[in-house]
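Undergrad: Here is how the chains run, residue by residue.
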Amino acid sequence: MRVAVAEDGALFRQGLVMLLEAAGHEVVACEAGGDPLVAQLSRIPADVALLDIRMPPEPDGGLVTAEKLRAAHPDMGLLFLSHYAESHYLMRILEIGTEGIGYRLKEKVGSVEVLSDTLTRIAAGEIVIEPELAKRLVERPRSDKRDLVATLSERERDVLKLMAEGRSNNGIASTLYVSGKAVEKHVANIFDKLGLQADTSANHRRVLAVLQYLRSQRGDG
Amino acid sequence: MTLGDELERGRRCADRWRSRRGLEQRLHDGPALRLSALSLRVGLLRSGQRDSAWEQGLDEVADEIGAALQELREVAAAIYPPLLDEAGLGPALRELVSASGACARIDAVATRCGTAAEGAAYFATAACLAQAGGGDMTVRVRVDGGDLVLTLEGVDPALRDVVLDEAGPLGGSVTVADSTNQTTTITGRFPCV
Numbered sequence: 001m002r003v004a005v006a007e008d009g010a011l012f013r014q015g016l017v018m019l020l021e022a023a024g025h026e027v028v029a030c031e032a033g034g035d036p037l038v039a040q041l042s043r044i045p046a047d048v049a050l051l052d053i054r055m056p057p058e059p060d061g062g063l064v065t066a067e068k069l070r071a072a073h074p075d076m077g078l079l080f081l082s083h084y085a086e087s088h089y090l091m092r093i094l095e096i097g098t099e100g101i102g103y104r105l106k107e108k109v110g111s112v113e114v115l116s117d118t119l120t121r122i123a124a125g126e127i128v129i130e131p132e133l134a135k136r137l138v139e140r141p142r143s144d145k146r147d148l149v150a151t152l153s154e155r156e157r158d159v160l161k162l163m164a165e166g167r168s169n170n171g172i173a174s175t176l177y178v179s180g181k182a183v184e185k186h187v188a189n190i191f192d193k194l195g196l197q198a199d200t201s202a203n204h205r206r207v208l209a210v211l212q213y214l215r216s217q218r219g220d221g
Numbered sequence: 222m223t224l225g226d227e228l229e230r231g232r233r234c235a236d237r238w239r240s241r242r243g244l245e246q247r248l249h250d251g252p253a254l255r256l257s258a259l260s261l262r263v264g265l266l267r268s269g270q271r272d273s274a275w276e277q278g279l280d281e282v283a284d285e286i287g288a289a290l291q292e293l294r295e296v297a298a299a300i301y302p303p304l305l306d307e308a309g310l311g312p313a314l315r316e317l318v319s320a321s322g323a324c325a326r327i328d329a330v331a332t333r334c335g336t337a338a339e340g341a342a343y344f345a346t347a348a349c350l351a352q353a354g355g356g357d358m359t360v361r362v363r364v365d366g367g368d369l370v371l372t373l374e375g376v377d378p379a380l381r382d383v384v385l386d387e388a389g390p391l392g393g394s395v396t397v398a399d400s401t402n403q404t405t406t407i408t409g410r411f412p413c414v
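So the sequences go chain by chain: A and B.
Mind the numbering: the first sequence is residues 1 to 221 in this note's numbering, read in order.
Mind the numbering: the second sequence is residues 222 to 414 in this note's numbering, read in order.
No lab work stands behind these hints, which were simulated from the structure alone.
Among the hints, erroneous ones may be present.
[Unchecked claim] Only part of the chain A face toward chain B is listed, based on derived beta-carbon distances under 8 Å:
id, residue
1, Pro59
2, His88
3, Glu107
4, Gly110
5, Glu113
[As the list claims (entries may be wrong)] No more than 25 Å apart at the CA atoms, straight line, and that leaves these computed lysine to aspartate or glutamate pairs for DMTMM-like:
id, chain 1, residue 1, chain 2, residue 2
6, A, Lys106, A, Glu130
7, A, Lys106, B, Asp328
8, A, Lys108, B, Glu307
9, A, Lys106, B, Asp306
10, A, Lys108, B, Glu292
11, A, Lys108, B, Glu276
12, A, Lys106, A, Asp75
13, A, Lys193, A, Glu95
C-beta atoms are modelled at their ideal positions from N, C-alpha and C, and glycine is treated no differently.
When you get a sec, could you build the whole thing from the sequences and use the hints?
TA: Spelled out as structure tokens, the structure:
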């Protein structure tokens, strides 16, 4: 696989390149910040870009770099590597895209097998989230966690599935041959049935709904 | 200030030093000790036969490194949460609530108020959340007249001192809506210096 790396810590960057090469991947670009990587990737094709979140341009250069890369190369996978697993960043990452994207702790990709598996899944269009973080997000404290997704109607489940594929309300409406208003109503019902409170933003709730769906698909938790 | 107040303030000041000492202790007992042990372990692996036990030893080293990093993250968060600096009080408090499973609503403006006011308001809220037990709390953050205004609704009036510990050193103030109720609203003002 052709991979590109942007990471401002020289030691970690070198280690990552060595591990990627040991795993048989070709490192086509390697930079200490987001802007030079974007410049490089305008000329060189890559399958997945590995981005540190906290790097130049400060404060969270990985996110702005990812936005630029996703706009310029929609098929390029994006893997965020960070010292912290924070739901705040996960939300922002999933606003950039819900396909071919991943967020993992730096030390958790420390083996050839895990690194390659993560990259392969992202290149295949999957979302890869640090398991501990995904678990924390879908676990609502002190509530009945019986499979809430099972309480959805068949149509609501269709809508949620399309949300999980990263489609907008308009995209869902045209796929299901229904009006935009009908989709909005289904989405509101989904939020309600999954117990996602109205005090969080619509985007945030959309992501949480998707995460619950993904978890129910995996059959764990 | 009465003598009782002064004694109480002195006791709380001593607590802060004890907690600072506690952080050093956590670094020593956790990651420092773990990494020292790891260097011995790596030395042992270097001289060993490359068999299945050697492979298993490497896996254990990787696990120990992960544990040391996690301990470092926890101590870092107790000193100054990285998200507070990077994203502000609202996101940092939401992360705290989601990670700890506490029962609280966070309603915060996105305006940035500087390292000191944000840090003080964060740790005041964190201490109140830790002491509040199971109660339902609402945390509001506003900016008014150069102050970060932190409002905690549905909290024990005794938590006033916890908020004052953080607001006081910055020249801020704390008011309690009704100290006779079991739960009340505490408002802390933190000057944005």
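Undergrad: To test your reading of the hints: which numbers does this structure violate?
TA: 5 and 7
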